[in-house]
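2 protein chains.
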Amino acid sequence: MQDNLSFFFEPSSVAVIGASANPDKLSYGILKNLSQYGYEGKIFPINPKSAEILGYPCYKSVNDVPEDVDLAVIILPAEMILDVLRACGAKGVKACIIISGGFKELGEEGKKREEQMEIAAHEMGIRIIGPNCVGNVNTYSGLNTTFIKGMPAKGGIAFVSQSGAVCGGVVDHILNEGIGFSHLISLGNEMDVTETDMIEYLANDPETKVIAAYVESIRDGGRFMRVASRVTRQKPIVLLKAGKSESGAKAVSSHTGSLAGSQTAYSTAFHQSGVIEVDSLRSLLQVAMAFDFQPLPENNQAVIFTNAGGPAALLSDGLDVHGFKLADLTEETQQQLKTGLNPAAQTMNPIDMLGGANEEEYAFALRVAIEKSDTGTLLPVLVPQALVHPVAVAEAFIRETEKSHRTVIACMVGKHSIDEAKLLLHQNRIPVVDFPEDIGKILSAMLDYRLYREQPSGQKEMQSGTKKKKAIEYFSRKDDKKFLGEAETRPLLDLYGIRTVAGMHTHNLLDTQAAAEKLGYPVVLKIVSNDILHKSDAGGIRLDIRDQMHLDSAYRSLLAEVKDKCPEAKLEGVLVEKMYLEGEEVIIGMKRDTNFGPMLMFGMGGIYVEAFHDVSFRIAPLDMDEIHRMIDETVAGKVLRGLRGTMYDVDAVASVIHALGQMAVDFTQIQEIEINPLKVLRSEKGAIALDARMILL
Amino acid sequence: MQDNLSFFFEPSSVAVIGASANPDKLSYGILKNLSQYGYEGKIFPINPKSAEILGYPCYKSVNDVPEDVDLAVIILPAEMILDVLRACGAKGVKACIIISGGFKELGEEGKKREEQMEIAAHEMGIRIIGPNCVGNVNTYSGLNTTFIKGMPAKGGIAFVSQSGAVCGGVVDHILNEGIGFSHLISLGNEMDVTETDMIEYLANDPETKVIAAYVESIRDGGRFMRVASRVTRQKPIVLLKAGKSESGAKAVSSHTGSLAGSQTAYSTAFHQSGVIEVDSLRSLLQVAMAFDFQPLPENNQAVIFTNAGGPAALLSDGLDVHGFKLADLTEETQQQLKTGLNPAAQTMNPIDMLGGANEEEYAFALRVAIEKSDTGTLLPVLVPQALVHPVAVAEAFIRETEKSHRTVIACMVGKHSIDEAKLLLHQNRIPVVDFPEDIGKILSAMLDYRLYREQPSGQKEMQSGTKKKKAIEYFSRKDDKKFLGEAETRPLLDLYGIRTVAGMHTHNLLDTQAAAEKLGYPVVLKIVSNDILHKSDAGGIRLDIRDQMHLDSAYRSLLAEVKDKCPEAKLEGVLVEKMYLEGEEVIIGMKRDTNFGPMLMFGMGGIYVEAFHDVSFRIAPLDMDEIHRMIDETVAGKVLRGLRGTMYDVDAVASVIHALGQMAVDFTQIQEIEINPLKVLRSEKGAIALDARMILL
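For the record, the sequence lines run as chains A and B.
So the first sequence is numbered by my numbering: it starts at 6 and just counts up by one.
So the second sequence is numbered by my numbering: it starts at 6 and just counts up by one.
Quick caveat, the hints were computed from the structure, so don't treat them as lab data.
It is possible that some hints are incorrect.
Copies of the same chain look alike in the list, so a pair counts if it fits in one copy or across any two.
Claimed, not checked - Below are the BS3-like pairs computed for lysine-lysine, each with C-alpha atoms no more than 30 Å apart in a straight line:
hint : residue 1 : residue 2
1    : Lys643    : Lys596
2    : Lys159    : Lys420
3    : Lys96     : Lys30
4    : Lys117    : Lys343
5    : Lys486    : Lys575
6    : Lys420    : Lys154
7    : Lys65     : Lys472
8    : Lys420    : Lys214
9    : Lys255    : Lys343
10   : Lys523    : Lys65
11   : Lys330    : Lys583
12   : Lys154    : Lys690
13   : Lys487    : Lys575
14   : Lys30     : Lys420
15   : Lys117    : Lys96
16   : Lys377    : Lys255
Note that the coordinates shown come from a computational prediction; the quantities given were computed from them, not determined experimentally.
This is chain A alone, in the form it adopts within the complex (with noise of 0.2 Å):
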């Protein structure tokens, strides 16, 4: 299916299904832009009523016309579309782009049209872009099916967009501004082509450099995963998710009917599949521009070249936010520097050529600092000055750095008397932003891009065979609960190799007492009853019982306390278990994501989940590499790592967390999971769960 693609992009010719002859039409405007960038296919405008428009002949519908249709373009109200795509089918057409809307985004009604339309489709073996969507843009092809004013530069950015406003909003951003696009294409309400479509098609579209994505919603996040992955190997994607708040949620959901899903979700999908997430739209064109336009940076260490400090600081400040560093100059480098600059120039990084710097200079000191080994990035920075000519400089810069492989990235501070040198360096591939506080982001975009792709790929697939089958008979045993507790929830850990605390289930003193000599004190008790999932607040749990005149008031204080609290529930007795003194207490928890499937969560639990936001999560399955990067995310793993002094168990955390996500992968049915604490032990000394829970389907 996927070959078919390329008829949106590279159609022999296109037919415009309602495209009208009052220029004041949306339609009208499509043919134009078809006609007008170079397109060298045939054009044919399907209107029962005009003989010809823009110098095409028209024709009454598409059957009628007497050649080949590879594309059809159609803008009609959406009630007549049906009746079209069957047309299209019987002549043949490969391709549609339904720009109308009136559909799914309406409500009910529109939503019955759409699938409608969708089984004929699919009937006829016809792919579809939109319905809703403004068209799209191959400038290398010179196709240009939207009625967007304006065309894109040709370049190597693919753009993908769920919004077809944003289109709009991002092409009179870029144009005459030197960046440049390989793709425009708006999705629409994606009936049938999706954005995971169009990412694997630009995978190996030769033109494209970068996929950038704005995205609100994807429907089968698992493919998105695969398909993302391996994408990402090859180039890079960068998206932009909107309705990541709950009002954000609000505003998509409203306007494409669509549910949104868990936000977690899509974030960990992004970051595991080695998409690149930004936070706004201007970093989604600054990010772009800069891998389309630029190597990846080596290294998180970059100078500055300025004619000015404070912009200098400003952007060091920034750098710093992202990790990236500035370059120790060697005394051999300054010296050489100041062979050519102001004698008053600085010649530590950043290299300040003050304010009267010119050209030769910039190009003096770019020189040096090339020929050097030790600068990484480069970033040159000019304040417009009266007596510099802004042209002057961006040529020097371009000149200097076209052989050096190092990254590059300009900052011109200002709008009006730079715009000619922005023109000039985005033409010759130098990305230019106009407040210095951006290139932080953007570097950092590149640099973990670079770390991503460093990363070996890894093997994905999760197979547990014999633990599997062994769960199998777990599983069938099971009684029609959805909420299991510890009891329950401990035979499948021990299954999957997930040690739990030494424990006796008893049911009177005399057989805790026994219990609790044999497993040695201290010992912890805690209620047994179906009735009852979260003990501690049910007061079912005591903890750091020392001895057994202890144990003998705890066990009476905690069923009179359990009885006071839940008196409908039916207790079955109390579990002694073993109390570990020493470790570390962390959560690993597995909630399935209608969406992308299994999601893995660790963390420290409490306050540092909630206040502090100290937690992972992937989505299963994954690898053991995945899962250590997971857990060195967060300042939990640091803290097992050695934070405070005592190194703990991470492989065995690590385990567990694998053990999770094959559980997960392997039982459908299992909707939540959850260990609460796992306690884990120094260094080589294991982790236990001290507590677990399930909720099945």
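Place chain B on chain A using the hints.
Leaving out everything else, chain B in the frame of chain A:
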């Protein structure tokens, strides 16, 4: 002295000393700028070699000018300026702007030159701006002593900058954009007139509605805070501090030659004085514009009017990040909206009028929302569409909102198509952003300022009276020790009413046993030694001693470990203290900042401070309201207020912070004092300093 400052902005006459007849020289540019923007005073170029420049007769020296000279702008080689300054003094010049560099920023020799100049200026009563600056602009008097290309429009923003280049870049950004300035002031090396002087002056300038400042360092932190606290009660100060990171600080100090100081102290001082600190030059301009153009938002509610869902979703996400919410529109409001919009329009907030929405629909929706009282800030969004005219839509925004008293910020996504509409909106005092995500930050700055203004201004003087008197004795008895341990710090805490743990100093096991009996178990043992500041590192602490047997072994092991770890230390017995099992431990500290004074610190310590940065700061003196805000800023404060179920004695914590602040104000020889931990008991039970240490000057 402050009165003299008006000569910088409204002089009756200006001499340009060093004016050149060569249009390629900066000094020619200054004369040109002075001549061309409506300045009505007299202009005297001083140039011994030319007869006239730009039609103004030249004078050989300032002494030769036949009339009074209020202001001299000096642009000459550094070594000539001292003599010129003396001539200015003889002539009775009131104020000088020294453009030339070649002073402190170049190192020792330049510094000496600047000091001589400072003495001379002071002797002659001349106020100086600079050296090493680009001059100033007063748009209302038409005075422009800079060589920057272009004159900002008249407006309410006074821009004060310690970087001349930032002034130039900013003017380039706002020129022809309809953003207006009252003043633009480049301060250079601040030999005499400082940012604080300017802020004080601008507070009384009727044209200035908001002060925007770019700052690299502040020399007199205490005065800055006093002035800023007063000024921010009248008008907002928006400030960008460069050099916040290590790299940035290096960049700043290398080009100004001034030490940046503690960045935490800067941010604390800004926050506490009601100064709105922003993190980028873009925000500085956007936030200042919004303050100038618009009233403050009444609350954190907003309503979005849009012709496209995508940008509205991005805007909503941006609002959410900054604590703003979409207002719920009542059923009635929504019904009324439906009567005038596209039937498919979304009347929930965001109000999405769909792609075809024109000026009439925007006007209608704004009218409805303004009539209803439930909508808060108004945020109209336009994405350029083929058939919609941005200027007409902008006119609708202006017409409908001008009498509303609501805060209005418009978003026009794009660049080329919206230039004209943007200019029109700015000229009519509606701020425009071209990326939707920027609005949240702007609004939250405005609301923060509103909330600050609503706080009572508070009695910040700390007058300890009798406490101080008694403590004078404590300090007078001190030897020359700089590092004081717990035993020596405790008496001072007692004097200031800070409860310390009940304890006894003993010198042998028998006395220790007796002491423990008297205090009641559990107890704590701590080593006493002048040579040991960090007791726990030395193995000098034993916790949770439950009975005498435990005490005996703890006593012996403590002495053995300390002797082993610190063989050189002279031991002076142990401290036996009551142990408190319940309660939360926090840290309270004071560290004197060389620039801003006594900086108080509150947090939970350990990884909470180091990894989660959960710590808050204030600079003494300060009042109780401010101390409670300080506590509430942290998660530690939320824990004390019951986050984990138990309420602790926050008032007691506040009293301890207050007492520490008072101590620091009373005795400037205290460099640092730390109570770590302060054990906070349950509500109304108090708080107890368990350990403390102090560093004296």
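Here is what the structure says about each hint:
no., hint, result
1, Lys643 with Lys596, "both (24 Å within a copy, 28 Å between copies)"
2, Lys159 with Lys420, "both (24 Å within a copy, 19 Å between copies)"
3, Lys96 with Lys30, "within (26 Å within a copy, 73 Å between copies)"
4, Lys117 with Lys343, "between (74 Å within a copy, 24 Å between copies)"
5, Lys486 with Lys575, "within (15 Å within a copy, 68 Å between copies)"
6, Lys420 with Lys154, "both (23 Å within a copy, 12 Å between copies)"
7, Lys65 with Lys472, "neither (66 Å within a copy, 98 Å between copies)"
8, Lys420 with Lys214, "both (28 Å within a copy, 25 Å between copies)"
9, Lys255 with Lys343, "between (59 Å within a copy, 19 Å between copies)"
10, Lys523 with Lys65, "neither (91 Å within a copy, 106 Å between copies)"
11, Lys330 with Lys583, "neither (50 Å within a copy, 49 Å between copies)"
12, Lys154 with Lys690, "neither (66 Å within a copy, 71 Å between copies)"
13, Lys487 with Lys575, "within (17 Å within a copy, 66 Å between copies)"
14, Lys30 with Lys420, "between (35 Å within a copy, 23 Å between copies)"
15, Lys117 with Lys96, "within (25 Å within a copy, 89 Å between copies)"
16, Lys377 with Lys255, "between (53 Å within a copy, 22 Å between copies)"
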